[in-house]
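**Q** If you want the building blocks of each chain, they are given just below.
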Amino acid sequence: MISRFPLRALPGMVAAGTLLLLGKQTLAQPIDIRVHDPVMIREDGTYYLFTTARGVGVLSSRDMVSWEPRAPVFAEPPAWATRMIPRFRDSLWAPDISYHDGTYFLFYSASSFGSNNSAIGVATNTTLDPHDPSFRWVDHGPVVRSVRGRDLWNAIDPNLVVDEEGSPWLAFGSFWTGIKLVRLADDRLSLAKPEEWYSLAGRQRYWKLPEETAGDTLSSAIEAPFIFRKSGYYYLFASWDRCCAGPASTYRIVVGRSNRVTGPYRDREGEDMRFGGGSLVGGGNRAWAGVGHNAAYTFDNTDYLVFHGYDLSDEGRPKLWIREIEWDSDGWPRVTLEEGAQR
Amino acid sequence: MIRLVLSAMAILALLTVTREETRAQLRDVPIHDPVLAQAGGRFYLFGTGNGIRVWASEDLEGWWELDPVFPKAPSWVFELLPRFRNEIWAPDIYEMDGTWYLYYSVSAFGRNNSAIGVATNPSLDPTDPSFGWRDHGVVVQSVPGRDMWNAIDPHLVRDREGTPWLSFGSHWGGIKLVKMDPSLTTIAEPQEWHTIAARHRYWKLDDRDAGDSANPELDYEALYPERILEMNRASENGAIEAPVIFWKDGYYYLFASWDRCCRGVESTYKVVVGRSRGITGPYLDREGEDMAFGGGTLVVQGFQESERWAAGGHNDTFTLDGTDYLVFHAYDATDDGNSKLLIRKIVWDPFGWPAVPVDGS
Numbered sequence: 005m006i007s008r009f010p011l012r013a014l015p016g017m018v019a020a021g022t023l024l025l026l027g028k029q030t031l032a033q034p035i036d037i038r039v040h041d042p043v044m045i046r047e048d049g050t051y052y053l054f055t056t057a058r059g060v061g062v063l064s065s066r067d068m069v070s071w072e073p074r075a076p077v078f079a080e081p082p083a084w085a086t087r088m089i090p091r092f093r094d095s096l097w098a099p100d101i102s103y104h105d106g107t108y109f110l111f112y113s114a115s116s117f118g119s120n121n122s123a124i125g126v127a128t129n130t131t132l133d134p135h136d137p138s139f140r141w142v143d144h145g146p147v148v149r150s151v152r153g154r155d156l157w158n159a160i161d162p163n164l165v166v167d168e169e170g171s172p173w174l175a176f177g178s179f180w181t182g183i184k185l186v187r188l189a190d191d192r193l194s195l196a197k198p199e200e201w202y203s204l205a206g207r208q209r210y211w212k213l214p215e216e217t218a219g220d221t222l223s224s225a226i227e228a229p230f231i232f233r234k235s236g237y238y239y240l241f242a243s244w245d246r247c248c249a250g251p252a253s254t255y256r257i258v259v260g261r262s263n264r265v266t267g268p269y270r271d272r273e274g275e276d277m278r279f280g281g282g283s284l285v286g287g288g289n290r291a292w293a294g295v296g297h298n299a300a301y302t303f304d305n306t307d308y309l310v311f312h313g314y315d316l317s318d319e320g321r322p323k324l325w326i327r328e329i330e331w332d333s334d335g336w337p338r339v340t341l342e343e344g345a346q347r
Numbered sequence: 012m013i014r015l016v017l018s019a020m021a022i023l024a025l026l027t028v029t030r031e032e033t034r035a036q037l038r039d040v041p042i043h044d045p046v047l048a049q050a051g052g053r054f055y056l057f058g059t060g061n062g063i064r065v066w067a068s069e070d071l072e073g074w075w076e077l078d079p080v081f082p083k084a085p086s087w088v089f090e091l092l093p094r095f096r097n098e099i100w101a102p103d104i105y106e107m108d109g110t111w112y113l114y115y116s117v118s119a120f121g122r123n124n125s126a127i128g129v130a131t132n133p134s135l136d137p138t139d140p141s142f143g144w145r146d147h148g149v150v151v152q153s154v155p156g157r158d159m160w161n162a163i164d165p166h167l168v169r170d171r172e173g174t175p176w177l178s179f180g181s182h183w184g185g186i187k188l189v190k191m192d193p194s195l196t197t198i199a200e201p202q203e204w205h206t207i208a209a210r211h212r213y214w215k216l217d218d219r220d221a222g223d224s225a226n227p228e229l230d231y232e233a234l235y236p237e238r239i240l241e242m243n244r245a246s247e248n249g250a251i252e253a254p255v256i257f258w259k260d261g262y263y264y265l266f267a268s269w270d271r272c273c274r275g276v277e278s279t280y281k282v283v284v285g286r287s288r289g290i291t292g293p294y295l296d297r298e299g300e301d302m303a304f305g306g307g308t309l310v311v312q313g314f315q316e317s318e319r320w321a322a323g324g325h326n327d328t329f330t331l332d333g334t335d336y337l338v339f340h341a342y343d344a345t346d347d348g349n350s351k352l353l354i355r356k357i358v359w360d361p362f363g364w365p366a367v368p369v370d371g372s
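These protein sequence lines are chains A and B, in that order. Read in order, the letters of the first sequence are residues 5 to 347 in this note's numbering. Read in order, the letters of the second sequence are residues 12 to 372 in this note's numbering.
Keep in mind that the hints were calculated from the coordinates and are not lab data. Hints are not guaranteed to be accurate.
As the list claims (entries may be wrong) - Covered stretches of chain A (chain B as the covering partner; in silico rule of three or more C-beta atoms under 8 Å from a C-beta of chain B):
#, stretch
1, 154-162
2, 203-210
Unchecked claim - Far from chain B, by Cβ distances over 12 Å, these chain A residues were calculated:
#, residue
3, Ile45
4, Ser64
5, Arg66
6, Gly106
7, Glu169
8, Ala189
9, Arg233
10, Arg256
11, Asp271
12, Arg338
All C-beta atoms, glycine included, are put in the ideal place defined by N, C-alpha and C.
With the hints as extra help, turn the sequences into a complete structure.
**A** This is the structure in C-alpha cells:
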C-alpha cells in the first residue's frame, strides 16, 4: 500500500467493468478484472467485493466468478479525511468488511503515498443490496490515526477480528515497524478505553532510516494483516515485499499462528512474526509477478483466500484471485497459482 | 557503625541557620532530576519525589525544603496508573507572562504506560497570597504497544520565532519534540512531531521493554537469549533520556543523558550534547554525527574524570548574570552513591562546544 499501482486507472476499472461479465471461469483461474486489496462478504446469496478505489470500490456476484461493478461506498470523500490527511487524494485504500448483529462494518484507509499521516475510518450499513430501501452508508469517521514523527506505524490496511470471547479488535499496519492490534469498543466504532495495543508482526527496519520513511524491500516491507480463526488457532496472514509495481512487484503472502489473538504469532519453524517470522502461503511465479494483500473467508464449509496478483501477461496489472485454501496435515495453509492445481 | 556516626556528623556540619530565619539549610541537596528557577530574588529547585519535591535558596548554596507541589496525586493519574503512589518524576519549570508552568511525569518503572502533565501557579513563593498550584492534566501520554517512546522527562522550550515546543523521552525510540499550543497546556493541532535524538535499539526487543529488561510484566528469560539480556545490562539498547534544549549564539544545543541512572556508584549516567541551527534538528555532535542516530559529544562524565562523582546526568541549564550553568544530579562515591545536586559553570570552547568539569565550581 506504500505506492499503490497507478490509482487513477482504477476508477476506469469500474467503467470497463460493465464489459467484464466474462462467462465461464472457474476459481482455478484468476478472474480477469482489475482490483486491488479485495475483501469479500456474502449477503442473501450475493457476494460483494470491496476494493481500493475512489470512494471504495464495490462489485457484486452470484458465483464469485462474474462480477458486476456497483456504485462506490462514498460519492464524495469523507470530509474528515480531507481535513486530517495532508495531500489526501480521494482514493480510499484497503477496506475491510464484516457483519455483526444486523450491521455491516466497512473499515477503510485514508492516507497519501509513502506517508504515515493516515487514518482508518469506519462506515456502516444495514444491507449491502443497493436496491434495498434501507440501503445507506453512514460514516462514523476516524477510528485510529497515525502521525508522522509520532508513530512508527501506519494507520492503513485494517482488518476486524473477533476473539473467542466475542471482543472486537482491529489489526492494521503497513511498513514502518509493522502490524498492530488494538482493542475496539463494543460498538466497533472506536477504540476501547483504556487503550490496549500489541505488535503482531514486523520485519527488520534499519535503525537509521528516517522516521518519515516507510521502508523499502530491504526494510520494513510488511503490510495488510488478516486474522482468520480456524481449529483453535488465530492465523495471521500478512503481505511481504513490494506491491504495486506492476511486473516488478514481488508481493507474497505469509502466515503465522497463535492460540491468542494478541500473539505471539509463530510460523512453521517457530519464528515470531514480530521479529521477521512468516511461512510462505503463496507468491509469484512465471505468470504472476507477485500476489498479496489477502483476505480469508469460509463459505459453505470451504475456506477461500481472496487477494490480488500482478498479471505478467497484462503489463503487470493487478487482478482478482479467489482460491481455495489448502490446509496441510499440520494445519498450515497454502494456495497455488498454477492452473489445474485445484479442481 | 563508625561510618554511620561520621555520616551523621557530616550532615550536621552541613546544616546552617540563616540570619533572619530559623529554618535549617542544606548544602548537599539530595535531589534527582533537578530544574532551577529564579523568582522574586530567590531560587527554586524542583525534583523527582513524592508530589514533586521543592527547595528554595537565597544564594544557590544553602537550601531549605518547601512543601511538595502535589500533597495528593492529581486524580486523573489513577485512570492511567491505579496504584500510583504519588512518586512524580523529572519536572520542568517554565515562566510565561507571569505564570509558572510546571511539567511533570507520571509512570511506572520499566514501562511506557506514562504521561506528562502540567500545573500552573502565579507564584513560586508559598507565602505569596496568590500562590496555589492548578493542575491542567495530561499534555501527552504514551501507551505500551502503541508508542515507541515514553512520555516522561518533559522540557519546554520556545524557538526564536516564539513557537513553544515540548521535548521529552526516555529509552525506547529516544527523544521526541512536539509543537505546543500557545496555551502551553496542550499540544498544537495539526500535530507536528520530530525525533531529535536516539540510540541504537536492537530490533528484536519486545516493544514493551525500555531496553533495560526492567518491565516486571515481561518474562525476559523466556523472551530473550542471553546475548540480548547482556546488551540490555550494558545499556546498549536505546539508553537515552532527559532532553534539554538551550539556545546560545545562533545554535540550539540539545543536552541529553546516556546510560544508566539511579544505581548509586554503579550508575553510568552521563550528559551529551549536539547542536542545530533549527529547533527541529538535525542535532549534530562535534564530529558531525546526528544525535537521532547515536551521535552525542560528552559533557559530563563521572569516574573517568572524578574520584568523588561516580556519574551524573539529567541536567537543566541556567543562565545567571551572563554565566551559563549546568544543573544536574550526580552520585557521590563518598556518601554511599547518594544523588546530590550539582550546579557547575559551563565552559564554552572557541568552537562553541560546552564542557562541564564535574569537580569544578
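**Q** Hint by hint, say whether it matches the structure.
**A** Hints versus structure:
Residues of the stretch 154-162 of chain A lying with their CB closer than 8 Å to a CB of chain B number 3, which satisfies the three-residue condition for coverage. Interface restraint, the stretch 203-210 of chain A with chain B: holds (4 residues with C-beta to C-beta distance below 8 Å; minimum three). Its beta-carbon lying about 29 Å from the closest one in chain B, Ile45/A satisfies the requirement of being farther than 12 Å from that chain. Look at Ser64/A: its CB is around 37 Å from the nearest CB on chain B, clear of 12 Å, so calling it non-interface holds up.
With a least beta-carbon separation of about 42 Å from chain B, Arg66/A lies farther than 12 Å from that chain, consistent with its non-interface assignment. With 12 Å as the threshold on Cβ separation, the claim that Gly106/A sits away from chain B holds: the shortest Cβ distance comes to roughly 31 Å. The claim that Glu169/A is not at the interface with chain B holds, since no C-beta of that chain comes within 12 Å of its own (minimum 19 Å). With a closest Cβ-Cβ approach of about 15 Å to chain B, Ala189/A is found to remain outside the 12 Å limit, as its non-interface label requires.
Arg233/A, annotated as away from the interface, keeps every beta carbon of chain B farther than 12 Å; the closest lies near 21 Å. A cut-off of 12 Å between C-beta atoms confirms that Arg256/A is not in contact with chain B; the least separation is 21 Å. Every beta carbon of chain B lies more than 12 Å from that of Asp271/A, the smallest distance being close to 15 Å; the non-interface claim holds. Non-interface call for Arg338/A relative to chain B: holds, since the shortest CB-CB distance, roughly 27 Å, exceeds 12 Å.
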